[in-house]
Amino acid sequence: MILTGPEIIRQHGLGAIRIDPFNADQVNPNSYNYRLGRTVKVYENDLLDPRVRQQTISIDIPDEGLVLDSHRIYLAHTEEVMGSDRFVPIIHGRSSTARMGLFVHITADLIDIGSYNQWTLQLHAVQPVRIFRGMLIGQVTFWCVKGEISLYTGRYQGAMGPRESESYRDFGAPEGEAL
Amino acid sequence: MILSRTEIDRRVAGGGITISPYSPAQLNPTSYSYRLGLEISELNSSAGAAGETGDAVVEIGEAGTLLQPGRLYLSHTYEVIGSRECVVTLMGRPSIGRLGLFVQLSADLGNIGDAHRWTLELTCVQPIMIYPRMLIGELTFWETNGELAFYSGPYTRFSRPTGNMRELS
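Taken in sequence, the protein lines are chains Y and H. Be aware that the first sequence starts at 218, since it is given in this note's numbering, and climbs by one per residue. Be aware that the second sequence starts at 363, since it is given in this note's numbering, and climbs by one per residue.
Mixed in with the good hints, there may be bad ones.
[What the hints assert, rightly or not] Pairs of lysine to aspartate or glutamate residues, derived as EDC-like cross-links and limited to a Cα-Cα distance of at most 16 Å, are as follows:
| # | chain 1 | residue 1 | chain 2 | residue 2 |
| --- | --- | --- | --- | --- |
| 1 | Y | Lys363 | H | Glu421 |
| 2 | Y | Lys258 | Y | Glu383 |
| 3 | Y | Lys363 | H | Glu447 |
| 4 | Y | Lys363 | Y | Asp302 |
| 5 | Y | Lys258 | Y | Asp286 |
| 6 | Y | Lys258 | Y | Glu381 |
| 7 | Y | Lys258 | Y | Glu296 |
| 8 | Y | Lys363 | H | Asp371 |
| 9 | Y | Lys258 | Y | Asp277 |
[To be verified] Which residues of chain Y face chain H? A few of them, derived with a C-beta cut under 8 Å, are:
| # | residue |
| --- | --- |
| 10 | Met218 |
| 11 | Ile323 |
| 12 | Met377 |
I should point out that these hints are in silico values taken from the structure, not numbers from a laboratory. Ideal placement from N, C-alpha and C gives every residue a C-beta, glycine not left out.
Pulled out of the complex, with its shape left as it was, chain H reads as follows (with noise of 0.2 Å):
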């Protein structure tokens, strides 16, 4: 079952989902709006494979930056994400989807365990502009049935946008 606005606003208070920063304003009625964080990276693929290269990261200014169709860059939220009890997903928000940008590429399932900021795959159709702190996704819970075993893997240790950590999973 999805959680509705009331349940995700009850367990944020009772410190079963974790929003850091959180905003009651930024409930919609089953999911709640995440905005962009602070940091971009663009994926770097002309001395190799995406990923196995390193990649700058940089400031996302508050002018914007422009990101161009056929690139990858990896930003993340910038609020502090996760929950132990519940399943988060995440997606972008309709009005980010109608211009034509993607938050994620077939990756919206997050891990039971600990809270991080989530790095955000982000490519697009037509040139456009971000900025930091803008409105961009949306998360949706999910109750779960089984008994709860809790992710332990890298990307945990890691709250700025991450890249490909292939080598330690």
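Next up, chain Y with everything else stripped away, as it sits in the complex (with noise of 0.2 Å):
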């Protein structure tokens, strides 16, 4: 089941759901568009391996915009700082993003529940697009979880401003340890 627009308030209000900075007017029916942070990160080699750290180089959004070149991941951020321990938080672009040709994840749509982190976005143009900061970007939509619940404790934990990959953990990582 799917929160409606209405119980994201009422559930924001009891704590339930943090958004922060909050503001009713980017409500929906049943969602809510979250805006885009100032920091933007590339990375610095053209080869991506996930068994190696990729290093990176930061990028504050000027006021004129920043035209995203469509050969290259941008990761991006969300200016919010959302998350919640009862409800899963599934993330979105606008439809008026989307027919920019702008994605905003990577077919990694899911934000673990417990997660509590300005949240990285996954910024791919399929032809270049101007992107500003506090633009509204994208949606978050909030889901009903059935089960015991545990929550997130892992690597991307508290993050402030766009996270890049950390898979090289996942190789050689020992049993057990938390993915």
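Put the complex together from the two separate chains, hints included.
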């Protein structure tokens, strides 16, 4: 089951959903519109190897916006810190974002329950697209859980700003370590 | 409703969900991390539209395979996955999405029915190395509402990277 907009407002008021800053104007019938934060990261290397820790370059989005090139992956972040211990967030692009050919995640839309961060967005532009900090770029939905809940304790907990991949930790990780 | 890790684990033990091989260490709060299989094929569109030509399936070597942007590759999950009581959806791992690798192309929804190795549609934004059995994606499991009907289409007969089968559907 998916939460309605009024239920998102109610659960935010009860403290079961964190969205900070929260603005009731950004609530939709069954989702919340989040904003693009100010910093973007790109990888120094063109060739990416998930076994290797990748070096990155940070870019602050200037006032006139930043044009994304279709041949690079850009790591951006939500302006809001979001999370919930009771509902599972799933992120989506806004339809107006998608109509410009801009992906806000790369087949990774599930946010772990109990994960509180500025969420990292995986921006990919099909054609060059100009982005602006603070723009309404995507939506988050909240879903009810069946079964006993255990909360996220993983590698990206508490992240502020965009966080590069830590996939290299998956290679040779000891059995039983939190993935 | 989306199943929690406890509920996924319980249903794997009870047989309502098939994940084979299964490792509880790969459970996340509301998903299960699956591995990349051992084989891949690159769609060769030079002799026609994608999916119309026979595409050779090759092994992903232990030293890895380099994927190039602008191409589509079909691979598969290492695990046999399915459920006859809940709906499975398939996505990439956040750590893999952050490297610009798509694991499916706007087709994330599984059918209730028999278990098999799922075909992955890989395409990348920047060149990227992939390795056999690497943790590459996550599965979520959803409760249904209503009478169940089971998938009996052509793809369940396959447990290798399988291209377009529109002539059978």
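Comparing the hints with the structure gives:
no., hint, result
1, Y:Lys363 / H:Glu421, "violated (39 Å)"
2, Y:Lys258 / Y:Glu383, "holds (14 Å)"
3, Y:Lys363 / H:Glu447, "holds (14 Å)"
4, Y:Lys363 / Y:Asp302, "holds (13 Å)"
5, Y:Lys258 / Y:Asp286, "holds (13 Å)"
6, Y:Lys258 / Y:Glu381, "holds (8 Å)"
7, Y:Lys258 / Y:Glu296, "holds (15 Å)"
8, Y:Lys363 / H:Asp371, "holds (12 Å)"
9, Y:Lys258 / Y:Asp277, "holds (9 Å)"
10, Met218, "holds (6 Å)"
11, Ile323, "holds (4 Å)"
12, Met377, "violated (16 Å)"
The structure fails to meet hints 1, 12 from the earlier list, while all remaining hints are met.
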